[in-house]
Amino acid sequence: MKLSKFILITLILLSFFGCKKEEIKKVDELRFEKDAMKSVFVEIVDSIYMDRRIITPPPFPKRDFKTNIEDTTGYHAELKKFYHRRDSIKNDKTRILLGVYTDVEKISSFETEMIVEQINISAYTYDVSKETDKYKFDLKPFENNKKFNFQNASKYPHEKNWNLNDNSNVLFPVGTISVSRIQFNKTKTRGILSAGASCGGGKCGRGFLIIIENKSGKWKIAEVIHTWVS
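Per this note's numbering, the very first residue in the sequence shown carries number 138; after that it's consecutive.
Read the hints as simulated data drawn from the structure, not as lab findings.
Predicted model, so just to flag it, every value in this text is computed and none were measured.
Each residue gets a CB set at the ideal place from its N, CA and C atoms; glycine is no exception.
Treat the hints with care, since some could be wrong.
Claimed, not checked - Listed next, the in silico EDC-like pairs over lysine to aspartate or glutamate satisfying Cα-Cα at most 16 angstroms (straight line): (1) Lys325 to Glu207; (2) Lys352 to Glu180; (3) Lys284 to Asp165; (4) Lys340 to Glu280; (5) Lys171 to Asp264; (6) Lys267 to Asp240; (7) Lys171 to Asp275; (8) Lys277 to Asp229; (9) Lys171 to Asp270; (10) Lys292 to Asp275; (11) Lys243 to Asp264; (12) Lys175 to Asp240; (13) Lys325 to Glu180; (14) Lys243 to Glu280; (15) Lys357 to Asp240; (16) Lys352 to Asp172; (17) Lys171 to Glu242; (18) Lys273 to Asp303; (19) Lys227 to Asp183; (20) Lys284 to Glu242; (21) Lys243 to Glu268; (22) Lys355 to Glu180; (23) Lys283 to Glu350; (24) Lys325 to Asp165; (25) Lys271 to Glu242; (26) Lys323 to Glu350; (27) Lys171 to Asp229; (28) Lys357 to Asp172; (29) Lys175 to Glu268; (30) Lys230 to Asp188.
What the hints assert, rightly or not - FRET-style restraints, in silico, Cβ to Cβ: (31) Lys277 to Ile226: 57 to 63 angstroms; (32) His221 to Ile258: 44 to 50 angstroms; (33) Thr209 to Leu308: 32 to 38 angstroms; (34) Val366 to Phe279: 42 to 48 angstroms; (35) Leu308 to Ile206: 39 to 45 angstroms; (36) Ser266 to Lys218: 52 to 58 angstroms; (37) Ser259 to Asn304: 46 to 52 angstroms; (38) Asn304 to Tyr263: 39 to 45 angstroms; (39) Ser266 to Glu207: 30 to 36 angstroms; (40) His221 to Thr324: 47 to 53 angstroms.
When you get a sec, could you build the whole thing from the sequences and use the hints?
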């Protein structure tokens, strides 16, 4: 009887410590993933962000569709004004206000299909827990970034309701950014994630698969694959 009780207690303890070990491992892996994202986040944003103030194409001269003749009256002055305005925005050193969706979730099924089509994923370990687990991305480490003013997108009305004619870079972000959980290879030296960029208003957006690589202890972008546009 005493032996049976001892065995039962031992099994309970082993189960407890086994669960505790798995919990610690999961926390450590999430911390590793967060650190990787923190290291490469600004580089990702700089590679894919959209600024609605400068993505509008230049104006075209008026055309008489009956005669197919262009009317260039005042066109060159209008074109000059367009490029002057765009260049002034590009050269403006004011920090660019971007909205960030801070819920970091799994890579979507559509983008998972794109991964299979674009690269060989046999070297990558797929973590099933990332299909359900999500975490909040912390923007505090980027508060003093010189180029971007990152703000939680939830601070503003839904981007579909933004006034796209507002060019102040104050009332509304000029665009939004979202990133997904990272899937790593077995040695955790490379990772895959998806990212999205929008100019707001539901008018334009782009999606990407991003491969990151750890070289000399620092995460950098290895490849950016354009997956969709709207």
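Verification of the supplied hints:
no., hint, result
1, Lys325 to Glu207, "violated (58 angstroms)"
2, Lys352 to Glu180, "holds (15 angstroms)"
3, Lys284 to Asp165, "violated (31 angstroms)"
4, Lys340 to Glu280, "violated (28 angstroms)"
5, Lys171 to Asp264, "holds (15 angstroms)"
6, Lys267 to Asp240, "holds (13 angstroms)"
7, Lys171 to Asp275, "holds (9 angstroms)"
8, Lys277 to Asp229, "violated (24 angstroms)"
9, Lys171 to Asp270, "holds (13 angstroms)"
10, Lys292 to Asp275, "holds (15 angstroms)"
11, Lys243 to Asp264, "holds (10 angstroms)"
12, Lys175 to Asp240, "holds (14 angstroms)"
13, Lys325 to Glu180, "violated (19 angstroms)"
14, Lys243 to Glu280, "violated (26 angstroms)"
15, Lys357 to Asp240, "violated (22 angstroms)"
16, Lys352 to Asp172, "holds (14 angstroms)"
17, Lys171 to Glu242, "holds (12 angstroms)"
18, Lys273 to Asp303, "violated (29 angstroms)"
19, Lys227 to Asp183, "holds (13 angstroms)"
20, Lys284 to Glu242, "violated (26 angstroms)"
21, Lys243 to Glu268, "holds (5 angstroms)"
22, Lys355 to Glu180, "holds (12 angstroms)"
23, Lys283 to Glu350, "violated (25 angstroms)"
24, Lys325 to Asp165, "holds (13 angstroms)"
25, Lys271 to Glu242, "holds (5 angstroms)"
26, Lys323 to Glu350, "holds (13 angstroms)"
27, Lys171 to Asp229, "violated (32 angstroms)"
28, Lys357 to Asp172, "holds (12 angstroms)"
29, Lys175 to Glu268, "violated (21 angstroms)"
30, Lys230 to Asp188, "holds (14 angstroms)"
31, Lys277 to Ile226: 57 to 63 angstroms, "violated (28 angstroms)"
32, His221 to Ile258: 44 to 50 angstroms, "holds (47 angstroms)"
33, Thr209 to Leu308: 32 to 38 angstroms, "holds (36 angstroms)"
34, Val366 to Phe279: 42 to 48 angstroms, "violated (26 angstroms)"
35, Leu308 to Ile206: 39 to 45 angstroms, "holds (42 angstroms)"
36, Ser266 to Lys218: 52 to 58 angstroms, "holds (54 angstroms)"
37, Ser259 to Asn304: 46 to 52 angstroms, "holds (47 angstroms)"
38, Asn304 to Tyr263: 39 to 45 angstroms, "holds (43 angstroms)"
39, Ser266 to Glu207: 30 to 36 angstroms, "violated (60 angstroms)"
40, His221 to Thr324: 47 to 53 angstroms, "holds (51 angstroms)"
Comparing the model with each numbered hint stated earlier shows that hints 1, 3, 4, 8, 13, 14, 15, 18, 20, 23, 27, 29, 31, 34 and 39 do not hold.
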